[in-house]
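Enquirer: Single-letter residue listing:
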Amino acid sequence: MTTPAAINASLRGDNALPLRPASQVMQLERLGAMHQSRLSFMRILIRRIMRERWQIDPARFELDDQGYGTLVYEIRTPHDLFSFVLFSDYLSPEERNDRVIATKWDLTMALVAGSVEPEQLAELRRNVPVQEAGRLDARVLVLSRANRSARNFDTVVGLLAAGRQPDVAQIARVGYLYRTTAVYGSGKLGMADWEKVSTRYPDFARPFSAEMFVCWMLRNFSLLQAEHIARHRAPETFRPMETEIKRYFGIGNSTGLGMAPYLINHPQLINRWVEMRELALARVRTLGQLDDRRRLELRELIDRCSSHMQETVTEDEWQTDNNRQVLKDLDALHDRVTEHLESWDQLLRWSEDNCTLQGQELLVSILLELYPELVEDLEDYMSADEYLDLDPLMPVCELQRVIEQRYAWALQVDFGKDGARETFWYRSEEKMEPRLGSASCDDGREKQMALGVAYAVRKCYDQLCEYVRQHPRHTTARFMVARPKLRGIVRRIQSMNRCVYGDIQANLLDRDVLPMHLLRAKLAFFGVSKFDPRSRLWVRNTMFQGAPLMEEIGRTFNDDWFMPLAPQR
Amino acid sequence: MHVSMNELKAALRRCFEATGYFVGNYEDAGNMILWLEKHGLDGLGELRRALPYINLDSDKPLSTVVYEDSTSAIIDSNGRSALNCIAAAVDLAHAKALESSLATVTVHNCHNRKFVLKALTDCGRRGISVVAYWQNGSRTVTEHTAAIRAGERYPSYSEATTSLGGEPDERQTLTIICSSRVDLTSSLQHSSGNRNARHVSPQQLALNKEHSVDHGIEIDPDLWDEINRIGTGILVENTERSRQGAGGR
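Protein sequence lines, in the order shown, are assigned to chains A and B. Numbering-wise (our numbering), the first sequence opens with residue 1 and increments by one. Numbering-wise (our numbering), the second sequence opens with residue 570 and increments by one.
This is chain B alone, in the form it adopts within the complex (with noise of 0.2 Å):
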């Protein structure tokens, strides 16, 4: 079915409201599946295979710091989804690049990292280059990275399958590069074995988003009656008393 843009960032803003997320990282989670829907990065695929997981992460601890200094820190996102906790480490990256010109940021324990486009894109605008790299899988192992310059308004993404075995500790871990004074690309090498490789410039997701822009988005029936169905969570019970605090005579 056809949606606009705006009603999905609605449906997905309740979706995460009902599901215990706070003020400001529901309106993140929205912004993020939305920005790779909208981009053609199946930011719908994403969320179908995040949602049956998302109403867990309320019982999970806060991410938490466990190394720091000037350039560097590691974050324990303790399972938890990115799209409740990634915008803080990339924000995190962006503050020590200012301070000391390149910082790295490495995040272990978090899933749904595709995710992270929409908070790289932010810095982008606001003028700070960052790269992020992760693998995701056990059995096949797939690696991704994501990249954009200072300045731009679309990164780069590319992903293939790996050769790699899959260690039986998988961390979850996705790194941060992030820099104020040089200008980061990424891209996938050729000669790891790597197949099914595919590189979206940012001109490709330039055109896409015009296309969402004129055409809005389509989406699976079910997955939009059960985003809203979630959303619903956030409703009052209709009474006739409730029905007076609208103001109606």
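Isolated chain A, as found in the complex (with noise of 0.2 Å):
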């Protein structure tokens, strides 16, 4: 086991390990070209619910034939009850909009501390499914919604009422019954906040834990409510679902801007992940004793990323492009490491060379996986304090060094250049929904969010250096008094130089940033697969595919789901 002390030492100083540089892992498409892996919060998980062997329960179960209804799991963690609530109503195929700005859905559902009594249930009733047009109270962690994928679910549905198998191809295709197109938590709408969260539910407390939990129950759920309406539709030929094949259905999710801003807004969130996930490949890069077993593990893993490839059928051109891409990554990495594997240093360098920026990514997320032993204690490490503190004390001179050298990758964007400021981010009336803008054609510029961090330090940057030839021996607290303008950024600066990986780097208002690397990295980070860009704003994806089944808790388990295959039919 790890301690934080034994993490920081290995972070900085003199006996840290050798960690990527800033330069090369915060670039904004690296970020994007991420993929799931050890770390990722929905393998934490599981390996919690599997390994603690979480008792879960109906407590109410009331679906009618055509699966509509009210269902409560009650949710026994070895520190806690919790109550999974869910409402399944009629929608109609008009209805059914994915986007943040729908008012009705399939189901809706909501995470409760403790037991659900018949008055709250009638409240959660009348609350939850209207969404943001309802209020919860602090006993309510996480609110959620979905929508059927109509055409994959009725025919799973038909499929098992006539006593056969959903087709292994089709699932390839679209890997979900249901599609969730939100999930709120930390406070929204009047539910716990994340402090209450953290330090009150200790099986929830590591970040979008109970998010990710939800999101397992809907899957969980998609499966018996398909099952529950092909019984009751012929009972007579009606066959249940292979577990393998179960297995291999996730739950759909389309994820949009609303996102991003979140990964602007936590930098020091969002450095933690990356330096655990940095860590993590430094260990074993450092520690990972490199055996036959190993060996054998590695080509393995690297066959199961191709037949994983293989099987993602994606829409988007770009990112089928790309996963061609991976493949012939994936076919070079597998002739190196036959020919010639004398280290992991090597090869991840070797990499660097001759794989492209998904590739290498995908090679850091399969060394993860060798070495669990290395890697899984950095579980309990994903938080971060997020106080963004000025240090009043910093002279300006040092401040300006700090600048040129954390940031350097803000100072050498041109923001002078054509379309270095086209881009500008701000919030809809519409639900406050985030949207993009163009400074040449949109209105609202006057009203942008402050996303532009790279703007705001070359702003911050020219003043200071002003400032510095008239007043050297200066401190920021004097600096913020005589420009409080500057007072976010400088916090931010000052904050992020404390991080070993500081913020991402990439000037966000560029007329040709593509928002989706942002979405993916987080998504990445949540642990996802099979990403599907629907525009350079939004991007499809499939949750939990593979993983453990809600009967299976009790079993034996290996957590060996990264990168699932088809079922062999």
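Hints are computed from structural coordinates only; laboratory data are not their basis. This structure is a prediction, so every number in the text was calculated from the model and none was measured. Don't be surprised by glycine CBs; every beta carbon is placed ideally from N, CA and C. The reader is advised that the hints may include incorrect statements.
Claimed, not checked - Beyond 12 Å from chain B on every Cβ pair, some chain A residues (computed):
| # | residue |
| --- | --- |
| 1 | L91 |
| 2 | T320 |
| 3 | A332 |
| 4 | S383 |
| 5 | P548 |
Stated by the list, open to error - Calculated pairs, DSS-like style, for lysine-lysine (alpha carbon to alpha carbon, straight line, at most 30 Å):
| # | chain 1 | residue 1 | chain 2 | residue 2 |
| --- | --- | --- | --- | --- |
| 6 | A | K417 | A | K459 |
| 7 | A | K447 | B | K629 |
| 8 | A | K431 | A | K447 |
| 9 | B | K629 | A | K485 |
| 10 | A | K104 | A | K431 |
| 11 | A | K485 | A | K447 |
| 12 | A | K459 | B | K629 |
| 13 | A | K459 | A | K485 |
With the hints in hand, could you dock these two chains into one complex?
Expert: Here is the structure:
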């Protein structure tokens, strides 16, 4: 078991492990090339559930023959009791809309602390199905909703009712029965604050753990509901779904711009996630013994990733082409490790010269799979204290040096260049939905969100240089009294300077910025697979595909659902 | 009505952003109000009194340093709310204390000074001890003091009604004493004719916070609506074209 002191010593100082540099890791395009890993939040959650054998039992099961009604599961974890409450309602095809602006859904859900009494259930019944139009209280941890993949769902129900199994090739194309379109936590709509969840409920005291749990419960329900409807439709011919096929169903997710500002507004948390992932890689690079068993496992994982990629069907041409490139990378990797493999360090360096960014980052995820003992104890350190504190004593000359060293990437951007400040990010009056505008043809630039970190650094630096010429001996505190408008960016610069990785290195105001890289980075930390961009602003993906099922809790578990493959029929 | 702390913080940030507060300042303002409310010190009551005036600050000059030496400074806030200027004054006291062991910063013409408590708490967390003192009111004068020891998480806070007469040129002054070497504490004296005295200990503030973490915040619906109404100023009108900027098909 590791400790904060041991982690700190591995990240900084004389005895630090050889971490990849921020200039490499924090580039937006590389972050957008990341894949799920052993440290992804879904993997961490499932390890907990399976190893601690959470007990999940229905406390209320009121579904009609069509699968509509109310369902409550009680979840007994090592520390507490929680309730998962789900409402299943009829939704006409015309009303089915995955956008955040929708007002009705097939399923709506909540995760609640403790048992749910009838009075509270009635209150949830009034508020959960209307989502943002309702209000909740601090007993509720998570609120979510989902829509059916209508074609897939109806087909699967029809097959099960006829005593047949779903077509595996079809699941490979669309690997879910439901898509979740929003998962809210952290105090939204009156729910429990993260401060409460993280201090009162140790089972969910890791980032997005409760939110991921709700998605996993949704996945379980989607399978249960399909079987339930099929059974009632044709009790004579119905056959339940085979476990292997069930496991191959995940939950669909479509993620839009709403997630992008989160990454910019929580830089210390994102830095922490990157630090843990990079520390895991540095441990493998330095401490991971390369023996015959690992060589064999490596080749198996490379082959599995190849098969996974071959089975991945994406509509987006850009992503399809990327996946083809990754397949070439994997072929080259396979050949390389068969012919020549002396050390992980050497292999990683080889990949940097010979593979695409996606291929390089996939190799990182593969290496983390090989050494659970070097990786998994970092899972308890994915949280961060998020204080953007000013260092008032720092001399202005030092602040200038910090910017020149840590934000060299921002100072290199030519903001006078055509298009360098073309994009602006704003909130629409429609549900406060985050949107992108173009300065040349859209209104609202004056109300833009403060996401242009690189530009803010540039402006700060220019004013600071002028100030340093006049007052070279002043402190930052004195500078802040004189230039209060710079308080936000100075505080950010100083705080991120205390982090190993710091800010995401990209000009988010550029005309050609690709926000989907931000979305994908966060989704990779969540642990999703099968990215399929629908535009540069919106990414479809699959959650929990290959993960153990609820009914498998208590059985053997080897935590090996990385890059799941279609079951062999 | 019931809201979460995070919800209140987000709504306050929108409100102050829409009012023209700078990046960094609107976060500070939201955090200062939430801090008082969360710790049972009526941050929302203070906000209600401040709200009619907050949009006036954008027309006022920025704070200016009137006097400064190695251990002290006098700042004129030019009638601004503490919500957008007091954190910088506390930071200046912090920096001077680190250089000289003990420093004093006096802030004149600053309203809503109770909001200084969040900035004091940040100093305590960062290993600096601070005391603040101020008086309020023109007919009936109340006095207030708050202090935190180095490394502590919660300050103490005292208030009382005095028998002092208000001065016509009352300067809305706040005095900050900050030390990197001495642990400072404060409480109001009993002997000066004070009445309605109240002392809130760090322990009581900690208990108040635990309650807020467990149950969230109760807020008057009218005030909640007003905060959100002002916050709509940051939202951009919805059009068919803007919907395309959300990435949907």
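Enquirer: Are any of the numbered hints broken by this structure? If so, which, sorted upward?
Expert: none
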